[in-house]
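Make a model of the complete structure from these sequences and hints.
Number of protein chains: 2
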Amino acid sequence: MSKAIRNKFGKQVRNLRRDRGWSQEDLADNSGVHRTYIGAIERGEQNVSIDNIIKLAKALSVSLEQLFKGL
Amino acid sequence: MSKAIRNKFGKQVRNLRRDRGWSQEDLADNSGVHRTYIGAIERGEQNVSIDNIIKLAKALSVSLEQLFKGL
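Order-wise, the sequence lines are chains X and R. Position 69 of the first sequence, counted from 1, bears residue number 69 in the numbering used here, the numbering being contiguous throughout. Position 39 of the second sequence, counted from 1, bears residue number 39 in the numbering used here, the numbering being contiguous throughout.
To be clear, the hints were calculated from the coordinates, so they are not data collected in a lab. Among the hints, a few may not be true.
Note that identical chains are pooled: a pair holds if it fits in a single copy or bridges any two copies.
For lysine-lysine, the following PhoX-like pairs were computed, each having C-alpha atoms within a straight-line distance of at most 20 angstroms [unchecked claim]:
#, residue 1, residue 2
1, LYS58, LYS3
2, LYS69, LYS3
3, LYS69, LYS55
Here's what the structure looks like:
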């Protein structure tokens, strides 16, 4: 089910963000993705688009392949 | 730039589809993603959402990690 994978993706984003010691606001500032949107992505609530996925990967300095690792 | 990565993603989808000997219509039927939308994704024109990315990966029997390999 899509929702389960979305949830895993959200957790991956959250873990990578926390590894960097960043708040959601820090990730928003560094990626250009709005802060409330970051929260929704991390909770798996957002049907995030590839453009925003790319912005998050760039801010977190990971490849898309790494961002989807294990998913 | 996002567009370059979107283009690569589209080529990846196209290659995987062709490896299976599928037309865009076959991939549309197997994934539940509309045919004209498949064309736009393959050309990098579509800001595809994670839910549709998941549908494509399932239809192509690849993980998300594999779908984004090298990107």
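Could you check the structure against the hints above and give me the numbers of any it violates, in ascending order? Structure breaks no hint.
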